[in-house]
Amino acid sequence: MLKVSVLGACLALTPLSSQAALPWFDNDDKQTMPTLAPMLEKATPAVVNISASGMKQNRQRVPDVFRYFFGPNAPREQIQEKPFQTAGSGVIIDAKKGYVVTNHHVIADTDKVLITLKDGRQFEAKKLGSDSESDVALLQIDAENLTDLPLANSDKLRVGDFAIAIGNPFAIGQTVTSGIVSALGRSGLGIEGYENFIQTDAAINSGNSGGALVNLNGELIGINTAILGPNGGNVGIGFAIPSNMMKNFVDQILEYGEVRRGVLGITGENIDAGVAKALKLPTSKGALVRQVFEGTAAEEAGIKPGDAIISVNGRSIETFFELRAKIGTMGAGNTAKLGIIRDGEEMTINVKLREAEGGNVIASNMHPALEGSELGNGKTKAGEKGVLVKTLEDRSPAAIIGLEEGDVIIGVNRERVENLADLREKLDEHKNNIIALNIVRGRTQLYLVIR
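1 is the number of the first residue of the sequence shown in UniProt numbering; add one for each residue after it.
By construction, these hints were calculated from the structure, which means they are not laboratory data.
Incorrect hints may appear among the rest.
Claimed, not checked - With a straight-line cut-off of 25 Å between C-alpha atoms, the simulated DSS-like cross-links for lysine-lysine are: (1) LYS381 - LYS426; (2) LYS127 - LYS112; (3) LYS426 - LYS385; (4) LYS126 - LYS431; (5) LYS82 - LYS97; (6) LYS337 - LYS381; (7) LYS431 - LYS385; (8) LYS97 - LYS112; (9) LYS97 - LYS56; (10) LYS304 - LYS337; (11) LYS352 - LYS280; (12) LYS112 - LYS96; (13) LYS97 - LYS337; (14) LYS426 - LYS126; (15) LYS118 - LYS56; (16) LYS56 - LYS127; (17) LYS304 - LYS112; (18) LYS390 - LYS426.
Based on the provided sequences and hints, a complete structural model is requested.
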């Protein structure tokens with residue numbers, strides 16, 4: 001009844017001549033009634049159900065009595081692998097290329113990801129990249145006649161804006177719930193490493209993870225991620241990753257093959273009323289710089305301990321957590337315009353962000369022959385850019401073809417490779433052919449052939 005009365009109030013304040021411009025009016029009805037159906041008919045095909053499966057290791061300590069019986073060489077623990085499944089949601093953000101965004105925790109440690117569209121079609125998805133700190137993952141499916149969601153500018157959201165959640169709660173099938181934006185810039189919740197959440201009272205439950213939060217125009221404003229409630233049930237407090245934040249991470253995955261977070265090189269704390277009074281600051285919101293590390297972007301830009309950072313790129317911030325999330329979202333190499341208060345004087349400082357330690361890529365997502373290796377962007381000893389083999393499992397397919405830890409891949413079939421994105425693109429181009437990897441090992445170059 002509350003939903004009807006709120007919309008009814010909007011109807012009463014809206015002239016009849018402007019009803020056609022409002023997305024919640026269905027003009028095909030004989031009696032014009034408020035409804036979200038026309039918008040949802042366009043938006044819901046872009047939201048998918050995700051089912052992922054894999055094997056999880058279960059470690060059990062071997063009882064001392066068995067170790068005594070079998071002698072000192074008996075194993076201390078027993079490792080068993082058990083299959084597991086996860087269910088969640090995803091959002092198609094590029095229909096032509098088949099890009100689907102979801103949460104990292106929906107597909108983490110899984111071997112197979114199956115996507116089901118609203119029309120019932122099913123496709124196995126390829127993992128293009130995933131980042132646990134931001135809880136964002138990018139998938140790709142090979143399908144035609146897809147529908148994607150246009151992205152809204154989440155920086156323009158206001159508390160009180162209508163919000164509609166679309167997802168697959170409890171794996172029962174696609175479900176739509178509605179509410180409002182309850183708060184913005186929520187952080188410090190301990191849910192993710194980089195938090196700058198949209199809070200909404202639209203019902204979000206287990207299985208909604210990775211689904212869409214849209215506005216009344218059917219534009220994506222956030223990726224539903226978490227809830228705050230007893231026993232995993234909805235109590236009207238749900239959180240979504242803002243669409244701008246998601247897009248920045250996706251762009252980094254597509255360009256570099258991984259998330260390359262920006263970092264200032266400072267430690268800090270939230271500015272509250274007590275801090276503001278002690279330091280005679282004109283504001284009780286923002287981030288106080290406690291320490292600036294040597295050789296960092298912050299030191300290079302001239303940021304000093306005691307500075308109060310109150311805005312990023314012209315938009316005010318409320319906490320140190322929000323500052324960290326916004327900087328981390330921007331990506332290494334970009335320039336952040338920071339609003340600073342120093343000794344009572346406001347100023348603007350431009351900082352070119354350095355790269356934080358990035359996430360690695362599980363190479364089997366690129367090619368089956370690379371299974372057992374973990375890759376990241378790196379350089380040869382001569383400073384040549386390429387893809388570094390960071391870890392390698394013994395007797396794995398990657399070890400069998402001849403890869404070693406510390407190898408740097410600089411080419412595929414005599415085509416130059418400078419980063420993970422290049423490697424993925426070249427492997428996709430030659431996936432049905434023999435592949436020759438150009439490797440730099442120490443000071444030596446060699447070729448490894450994948451048949």
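Verification of the supplied hints:
1. LYS381 - LYS426: 23 Å, holds
2. LYS127 - LYS112: 9 Å, holds
3. LYS426 - LYS385: 16 Å, holds
4. LYS126 - LYS431: 14 Å, holds
5. LYS82 - LYS97: Roughly 34 Å between the alpha carbons, so the hint for LYS82 and LYS97 is violated.
6. LYS337 - LYS381: 35 Å, violated
7. LYS431 - LYS385: Satisfied, since the Cα-Cα distance of roughly 23 Å is no more than 25 Å.
8. LYS97 - LYS112: 20 Å, holds
9. LYS97 - LYS56: 31 Å, violated
10. LYS304 - LYS337: 15 Å, holds
11. LYS352 - LYS280: 29 Å, violated
12. LYS112 - LYS96: 23 Å, holds
13. LYS97 - LYS337: Distance ~33 Å between LYS97 and LYS337 Cα, so the pair is violated.
14. LYS426 - LYS126: The given pair, whose Cα atoms are some 15 Å apart, holds under the 25 Å limit.
15. LYS118 - LYS56: Judged against 25 Å, a Cα distance of about 30 Å means the pair is violated.
16. LYS56 - LYS127: With a Cα-Cα distance of about 19 Å, the restraint between LYS56 and LYS127 holds, given a limit of 25 Å.
17. LYS304 - LYS112: Answer violated: LYS304 to LYS112 is near 48 Å, above 25 Å.
18. LYS390 - LYS426: 20 Å, holds
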